[in-house]
Each structure stands twice: as C-alpha cells, then as structure tokens.
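Knowing the structure of chain A, use the given hints to seat chain B on it.
The lines below spell out each chain.
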Amino acid sequence: MLIDSTLMIDLFLVTFACFSAGAVGALITARSPTLSRVVGHGCALVGAIAAFAFGVAGLAGGSMELNVPDLLPIGGAAFGVDRLSAFFVVVIAVGAIPAALYAIGYTREYAGKHSLAGMAFAFNVFIAAMILVALARNVLTFLALWEMMSLASYFLVITESEREETLSAGWIYFVMTHAGFAALFLGFLLLARATGTMDFANWSVAATALDPTSRNLIFLLFALGFGSKAGVVPLHVWLPRAHPAAPSHVSALMSGVMIKLGVYGLVRVAFDWLGAGPLWWGATMLIVGAVSGVLGVLYALVDADLKRLLAYSSVENIGIIMLGLGAAMLFQASNLPSLAALALVAALYHTLNHATFKSLLFMGAGAVLHATHTRNMEELGGLIKRMPQTAVFFLIGSLAIAALPPFNGFISEWLTFQSLLLSFQILAHTVNLIFALGVAALALTSGLAAACFVRAFGITFLALPRSEPAALAHEADWTMRAAMALLALVCLALGVAPSLILAPLEAAVFDLMGAHADMKFDWSMVVANNSFGWVAPLWIALGLVAFLMAIPLALRLMGVNKRRRYYETWGCGRALQTARFEYTATAFANPFKRVFALLYRSVKELDIEFHPESRYFVRTITYYNEGRLIFEDALYKPLLRMIQALAREARVLQSGHVHSYLVYILVALVALLILTV
Amino acid sequence: MLTEIAIELLQLLIVMFGSPLLVGVIRKAKARLQGRRGAGILQPYADLRKLLLKEMVISENTSWIFRFTPYLLATTMLLSALIVPSLTTRAPLSFMGNIIALMYLFLLGTFFLALAGLDAGSAFGGMGSSREVALAALAEPTVLIAIFGIALRAGTTSLDGIITRSIAEPLLMLNAGHLLAFFAFFIVALAENGRLPVDNPATHLELTMIHEAMILEYSGRLLALVEWAAGMKLFLFLTLLSNLFFPWGVALTNTPITLFSAFVALAMKLLVFAAAIALVETSVAKLRLFRVPELLAGSFTVALLAVVSAFFIR
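Read top to bottom, the protein sequences are chains A and B. Residue numbering for the first sequence follows the working numbering, starting at 1 and increasing by one per position. Residue numbering for the second sequence follows the working numbering, starting at 678 and increasing by one per position.
Just chain B, with the same shape it has in the complex:
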C-alpha cells in the first residue's frame, strides 16, 4: 500500500519537476541548432521562480474565471500525471480513466484557457481563443481515430493495457499501422502544445500567436502556473508518445530495479523526442494559420489509414 502511494507520488514528482527541464532542453537544442549558445537548460526553473516572486497585475475587465483558470490548468495536468503511465503500468490511480478520459481532461483545460483569453476584453486574447479552439476541434478527430487504431491492435483503450500488450508482442511495434498512428499522434502533439509548424512559442508578434495570445494578460504567479501547466502538457504528450508507441523500459512490476531502468528509459526517450522537436522547429517555418487545417486533415488521413490497415490485416 505504502509502496503504491510512493510510486504514484514519484510519477507525479517526475512530471512536476521534470517538465521545466524538458522545456529547457528543447530550447537549448534549438539554440544550438540555430548557432547560438542559448540559456542553460535550468533556465525555465529560474523563470518560474522569478514569476512567483513578482506582483500580479490583473485587468479590471476580468472576472473570477481569469484568476481560476491557471489553477484549473495546473490541476488537470497534475491529475493527468497520475493517469499517464510514465514509469510503470501498475500505478494504483491509473484506474481513474482511459486514454479517452485523458483527452477530455486536456480539453477541459483548453476550454477554460480559451475563456480566460476572452475575459480581459482585448482583441489579442479573443483572437488567440478563437484560433486555439478551432485547432483543438480540428485535431480531435485525428486523436480519436489514432486511439482507435491503437485500441484495435491492443484490444483495449486503457493506457496500461496498451503498454502491456505492446511489450508482450514486440513485433506489433513494427506494424505499418502502428507507425502511421504514431505519425498522426506526433502531429497532434505539435498542434496541441503550440509548437512549430502550428504555433511559434517564442514569437513576439501578437498577430501570429495562438497559445501565447490567450495568456498575454497573465503575470506573476498566475503566469507561472500557466507556463508550468503548458510544460507539463508537453511532458505528458511526449511521455504518451514514447510509452504507448515505444514501450521499451516501462516497468511492468514495481521493484526498485525496474523502476530505475524505467526512469532511465523515459529520460532517454524524452531526450530523443526533445531533439526531434527542436529539429522540426528549426527546419520548418510556421504555417499560415489557414494552412494548419490542411496539416491536421493530412494527419487525420494518416490516422484513418492506420485504422483501415488494421481492419484489412487481421
């Protein structure tokens, strides 16, 4: 009982404290690829600390929704961290939801963030909200069809079950449909987390912003919570990508050795994904906003192919 709680807490702590590190690594990798030195990989921690020590400036036009949203965002991410199997498939609280419930938890956060964007009454916030919900809505079919593709092969939609099944049948991972579903899910991960080519997280031009535009009015500890939650969302998406599609190293039993090797495996996989994202962000230009639906439609077609291939190769 105590070990179970400890393991669940460990998974939570890794997500909580590992996400700024992940963001820092991606920024460092991007900087290096762009020929710069870049800030240290621990810079996001310093940024969060600075924000927590600053005073909040809140717009007079806002309501309680503006102040509530950062807490809700962080809450949904922390709750998701309890469900996503980062280290082990035997976490006690993973019964709370399957992968579909997880996607809806993320959507809850997006819903409130979009409301907060509208709350301050600025045109930038409204624009960011409008674009964000449009892209989230268009990414939904891809997500669910990709889940369908995964569930077809694994015979279940529970995260633990998918990983267990994939580990039991390693050849499943070389399946063409599996790789197609991975590709579709990767594009959705880029879209949902506001990464190039969908959204530039480092832009200063409000008219090109999607995620950043919604959080323009936030400052102080509210902004710290929002940035931290965004980092956790990226961490969780990449963890899902690594552990669902390439589950080598995920612990099937809760012993210290398996957990330690799971930790090392997760760190290595996230490093690879961080490098991949940095590479993609450096080599691809941001898409014009109304080209993004075409990208998402393409990823939808890929996911649908994954599903159809599963039907015909049975």
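So that you can see chain A by itself, here it is in the shape it has in the complex:
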C-alpha cells in the first residue's frame, strides 16, 4: 500500500495543531481549572491519536521529509520519518493516548492547589517534544527538542512542589539529565566534525571512515548520554526519585515512554550512525543490561513505596531491552545479521510492551494513591473489594510484566531468550560465556519480577486493609478506568496476536539492518530460526480459556458437593483476625534480603527500651532496617566530593576585581584567535 507523502504531512500537522491547541488552550482557560484540565488533556488525547495514525502510516511505508530553514542555525529544523522513527512514534502514542485520557480525571484533585493550566501546558509540550525527537534528522533539532522534553518533564515532576522530597527529586533529575545532555552534545559534535555533516542521513556511510579511537570515544559518549536517559545502572539514580515524585500520569509517560527515547538513541547509534562496531560494544551493552535487570528488580523487591517499586522495575525492563540490544550488536559484529535482526526485534518488541504494561501499572498505582492518599504498601490492603476494576487492571499489568502467558511480556521475553540461546552459532568462547551469563541473568530477572509483582499486587490489593484510608478507598473515576482498560486490552491483544506488531517491526529492522530476522510468524504462531523454537500464543490462550470452562462443567457433571460456607481464616485457634496478623510487605521481601544480603548491605538497628524499674517490662521496641543505596555511596558521593573540591580550588579565579576579569577575557580572546587561525 503506497502511503502518499501528503497524507503523512497532513497527519503530522494535525498532530502538532492538536498539541499546540492543547497547550495554548490550557493557558487561555486558566481561569477555570475544569475547563483547562479538559481542554488541555483532551487536545493532547486527540493529538496522540493523530500521532498513532501517523506512526502506523509510517510503519506501513509512508515517508516524509520536512525542513524548516532558519528556525535553527546550521540547516534549520529537519524532520523525517523512517520505519524506526515511526515505530517509536507508535510507542509514544500508545503511552500518550491512555495517559491523556487518565489525566482528565486524575488531575482533578490538583485543582486549587496547583496550576492545572500549567500542568496541561507542560503535558502537551512534553508529548510533542518526544514525538519530534523521534523524528529529528539533524543534530541541533535533536538536541533542542531533547532539551525541551527534559525541561517539560522537569516541570511536571515538580508539580507537587510543597513536598521537599519532590523538589530534591526534581533537582537530581535536572542535574542528571543535563549531565547526559552534555555527553550527548559532545558526542554529536565530535561525530558531526568527523563526518563533516550535521545531517543524520549521511552519517552511516561517512562513519565507516572514522578511526577506531574516535569511534570508541563517540560510542562511549552516546552510551553515557542515552544510557542515563534510559536509566541503566549505574546512571539510574534519578529514576527511583523522579518517577514516584511526579503525578501518576506523568510517571506513566516518563517510565513508559520517555526512557524509551534513550533506547531509540542507542539503536540509532549502534545500527545507523556509527555502524557495526567491535565486539566489546555489544558485550558492554549486554553486561550492563544484565546488571541493570538483576539490580533493578532486586531493589524493587525490597521497596515498600508502590511507585518507587515500579520505577525500579522500569530499570529492570530497560536492562532486558539492553540484553536484546547487546545481543544484536554482538551478532552483528560476528557477521550473523539475521540473528542480529531477531535480537533487535525482540528488544524493540519489549520496548513497546513495557510502554503498555508499565503505563498500566503506574495508572493503577495512581488510582490507589488517589483513593487512599498513600503510596506505602504497608498501609494498603484489601483494595480488591473496594476497587475491583482497578484491581483487575493492575493484575493484568502484573501478569504482563512478569512475562506470563497469555500476555505480551511473555512473547517479548520468549523472543529475547530465543535470540540469546541462538548465540551458540558464534564460535568464540568468551562471547559464548557472556551470552550464557546473559541467559542466567534474564532468567533470574524474570523469576524475581514475578516475585516482585506477587508482592506488589498481593500486599496492596488482597486480604484485609492495613489502615483506615485503605478501608475507605473508592473506585477510580471512569476516565481513569477507561484508560487502564484500554491498556489492558492492548496487553492482551499484543500477547495473543503478536503478528500484529511483529510484521511492521520486522520491516523496520530490515530497513535498519538490511537483513531479515531469523523468524517466521503468522496469525497463530511464532517460530524462531526455522525449528529452534516455536510458540503459538493464540492457541495457548484458547487452551487456557477452554480448560477453564471445561473443568467446572466436568465437576458439575460429576455431581460434586456444591455447598460452600464462609468462615474466618484459620488462626491456630486464635479467636480474633485483624489486619495485624497479615504478612507485611517488608516480611514478604525478607527471604530476598537474606539471600542477597551482600548486595543490599542493609543497616539494621534494634532498640529496646525497658521500663526503668524492671527489665521484665518492655516499653518500646524500635526496629530499623534500611538498605543502603550502594551507587549513591560508592559512585556518586565521591564524584560529588571531587567536583566540590575542584570548585573550591577554582574559586581562586573569582577574585572580585574587575581588572583580573578583563585580563581573563583578553587572554581567552587571544587564545581563541590563535587556535582558530
């Protein structure tokens, strides 16, 4: 089907008209919070739908080249779409459509306390900037939009500025995103200088002529910049602070969509701009991915803050995506292009899937927060009876993220496993060992993720409420539920009919790498590498449904006892059952804390205060068990101390005398003139 390029331009303009209308409209109607909330987010919703249509058209083969000269220096603002960009626009839209719908209902509680118009404005700018980043085609366009995206998200993160932790989280996010930006800036400029052009289109050919040292340096800079945005360990420290602090629809967007733009950048660098690199690039990615996956989920397992748990889980899933990316790079460096394409398809599919189920989970957490005003799992419980529909949606999100059939997480993890297992075709022992450890890491991550979400769903929604607010919770309003229902349906659809997305994804990877992925799929089955492995997700889903209906029927036909009696939970003869007897979130995580104690290095303190007159009577017992933040202590604090020490030394230059400043200017001017001439 030939997509007319005028159709593409029309869709592009409609998208941006909607976002601009949303941004401006929110500001105009600032007087009336309800109106600005509905107008701002409603226009964002329509714009996101248009963006989805644009992305689908791009995946079907449509192309577009748009150049706005004079908007930015050196070449103007250049936009273009190829299949990879279109895929990421689809990912953004899949996250943004439910987020905008959700925001209409969710932001109601901010009325009167914060500027709804400001939130809606920043929301529109944020989504528009993300879409444009995926479509940017020269250096300055990319960087300008990247910065706009970071700033818009910063303002959204610090919405609840009355809390000190929000401001501190926003500040850390701000600094880390700009440190990453600096690395990106340097990398882009070095690459542009080496290849002589600022346009992305010409880089893939010109970069092959670069010398290895500069290529490695540029790769490292890009890896640092895009990696910090994606949230790989050890550059992840901003994620568990910023995502919980932001309002839930923003957390959903940031976790589900924004960090994927870091993945987009890495895919561009490894497969488009810099071309095939040495083995150590892929190996580093794979190892970083494995470490991020395991560490992310381990930190999620011991966290009692529901949203911070989800943020760490995002770190874990980025790790899984990096595993696929690293595998693809290793295959490419070993001259196995079809396997590289398979691994890349797996990584990109997981990117889309994570956008869907992570957004769903954050929205569920937001509904819980909205109803109970607490994120602490130790105060929740029993919500499945008070918020039944939200519970079902959160359960679907948990099943999807734990990679269980018949949902989408299962298919993308299955594909990632298959591509890692196919590494035996590489005949280098070190690489084989790295892949084997990657398989082990992915398996451990997968199992721990299942455990993590049993805990998250079980403690939050099941059994009895552990506090008054949880006992009085109410169901979320219809916009929030509709948004979650939409995402839950998408999770199921992508899990049962993966060929819907595999076909365009495979085409996108073919455009990028020039090789077809080593897989076959049709409406019911996915086959990897001819006969290495196969799975039929639709049949599994049908089989599950069929047996689920057949078993009760068979039991009824057999004439089993149908009577049931409701009574108290077994308490060993104890007469009273209260919420204090339930298992807590901290207790649930205890086995993991003990097994991985070396990693958590928790600080434990036990203070017992006795009655002054007799040690037989205990007044209070205080138990303190906190995991230490290893990366902050070991990596960031020394770095910060060093920077502060250097800054103190450099203070000598700030003498306060105008004359010395004039001398500095003269010296700098003369030096610049000498260097350039």
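Bear in mind the hints are in silico, worked out from the structure with no lab data behind them. Treat the hints with caution; some may be incorrect.
[Unchecked claim] Covered stretches of chain B (chain A as the covering partner; in silico rule of three or more C-beta atoms under 8 Å from a C-beta of chain A): (1) 747-759; (2) 777-787; (3) 792-802; (4) 805-814; (5) 821-829; (6) 885-899; (7) 965-978.
Each residue gets a CB set at the ideal place from its N, CA and C atoms; glycine is no exception.
Coordinates of chain B only, in the frame set by chain A:
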C-alpha cells in the same frame, strides 16, 4: 485426524489419571523404606474423591482470586500435559510451545497460587507465598541454563526435537554435559514440586511449610483441584526428566505397537524415578530454608558446567 486427536487425548488422560497413582507409589515406597506398611497406592484417588464430596469452607477475607486459582492451576497443568511428549513426539498439539513456554506456564500457576496464599490474610499463607516465589525465582536460572545445555546438544528447544535428536544419536546421552544437565534439572524438579530436601510434603508444622502453607485455607473441591494439579506437576516434571534425558521407548511414529511400548517404557521410567525420589526423601533431612539457595546455586553451577562443556567440546 481422528487418530491424532485420540493420541492427544490418551496423553492427557494418562497425565490426569496417572498422577494420583504416581503420588501413591511414592508414598508407599517412602512408607516401606521407613519400615511402615503405608496406605495403598490407590489412596490418593480415595482422598480426591473424599474432598470432592465435602463442603467448602472459604475465608471471609478472600476475594475471587482465591476461588479462581485452583481452576487455573488445573488448567495450566492440563494444557502442559498436551505439550509434554509423554508417549509420542508426534502429538498434534505440541506446536503450542517449546520448553521455555512450558516453564512459563508452570510459573503462571505458581504466581496465582502465591496470590491465593496472601488472599486469606493469614501469616502462614503469606509466609508460604513469600518462600515459594523466592525459591521459584532462584530456580529459574538453573532451569534455563539447563535448557540451554540441552538445546546446545540437540540444536533445538522444541521438546519433540530434543527427543528425536537424542534417539537418533544414543551416544549423546552418555555425554558428561548431558548428565550434568540432568542432575541440575533433577534438583530443580525437587524444588519446584515441594519435595525434600527443599520442602516436606507431609509436614504438619506450618512454620516449616512452603507449598502446604499456601494451600492451608483450601477445602473441599478447591483443595481437590489443588492437590490434583500438584500431582500433575510432579508427573509432568518426571516425564520431562525421563523423556528428555533418557528417551528410550518414546514413540516416533503413531502406531499401536510403538504407543503401547511407549506407555510401558514411561511407566517403568516413572517407577524408577518414584523410587529415587522416595529414597532421596527418606535419606536426606529437610534443609533449613536459607540453605536452599545454596543448593540451588550449586545446581546452577552444575548446569553452567554442562553449558560450558558443550562449548569446549564441539
């Protein structure tokens, strides 16, 4: 077409009705080794029948998840029975998934069972859930590395393909890596099915329970479904162990003679495994809970050795 359906149905029926018998045989063997007479090998059937005739007592704190989980457990096991090649490699529905898909189906059941354990709001259930998911998570790397080891030798991860390849090259089975992978998989089978030395299926002490603690609140037909599903899981794991690692007797074609000999071969192999499990359970004491990760780490190392040996002996 009709024969294919009949064969698939036969495999399903064998798993459905054979698993209580397997459980009964293991209990009888254990009893004999412990110097007791023990109940008859058909006792589990009587137990299931008794449970089905009893009224269910359900805790007021539970939600629909509690009532849904036993049905889901039985469903995942029945679906797995269609995929696992117990008699023949030419079952028509085996295309549904390879060995990795099978492991994830088992994990689906574990996930819901852990949720059901938390649902009643009792400390025992929560404890059982917490321990169960911890051990399941720690067993995952071993399982997948063992699968990697098997797939390296067989060149495929599909169950039928592995068996066909192993039968075609019998010397493959004497390979050191093959036996290492078998050993690792055996330890995982013990862990996943709640057998000693990981978990005592016959304990009455709640604080020592893992699997039993999660199902403490179940009664009546829900408990019958849970016990039956646990039996089927054991049956399927042992079938996998016998047919993947020692595939003698598995039918490669669907003729009555090959199917009958496959049935006899399966029965004999399961008998040997039942005796082995009874022996292990009688001679080994239950490990302290926080020693089990060490056992699993050991089995992981063994599986990794299996994989590494495959790389170096190519």
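**Asked** Residue count check for the segment 805-814 of chain B against chain A: does it reach three with CB-CB under 8 Å?
**Response** holds (count 7)
**Request:** Test coverage of the segment 777-787 of chain B by chain A using CB-CB distances below 8 Å; three residues minimum.
**Result:** holds (count 7)
**Asked** Does the segment 792-802 of chain B contain three or more residues whose Cβ lies closer than 8 Å to a Cβ of chain A?
**Response** Held - the segment 792-802 of chain B has 9 residues with a Cβ nearer than 8 Å to chain A, which meets the minimum of three.
**Prompt:** If you look at each residue in the segment 747-759 of chain B, do at least three have a Cβ nearer than 8 Å to any Cβ of chain A?
**Reply:** The restraint on the segment 747-759 of chain B holds, since 8 of its residues have a Cβ under 8 Å from chain A and three suffice.
**Prompt:** Mind checking, does the segment 821-829 of chain B have 3 or more residues with a CB under 8 Å from chain A?
**Reply:** n = 6 at 8 Å, threshold three: holds.
**Item:** Given coverage of the segment 965-978 of chain B by chain A, checked by CB-CB distance under 8 Å (3 or more)
**Value:** Contact hint for the segment 965-978 of chain B vs chain A: holds, 4 residues under 8 Å.
**Prompt:** Do three or more residues from the segment 885-899 of chain B put their C-beta atoms closer than 8 Å to C-beta atoms of chain A?
**Reply:** holds (count 4)
The structure agrees with every numbered hint stated previously.
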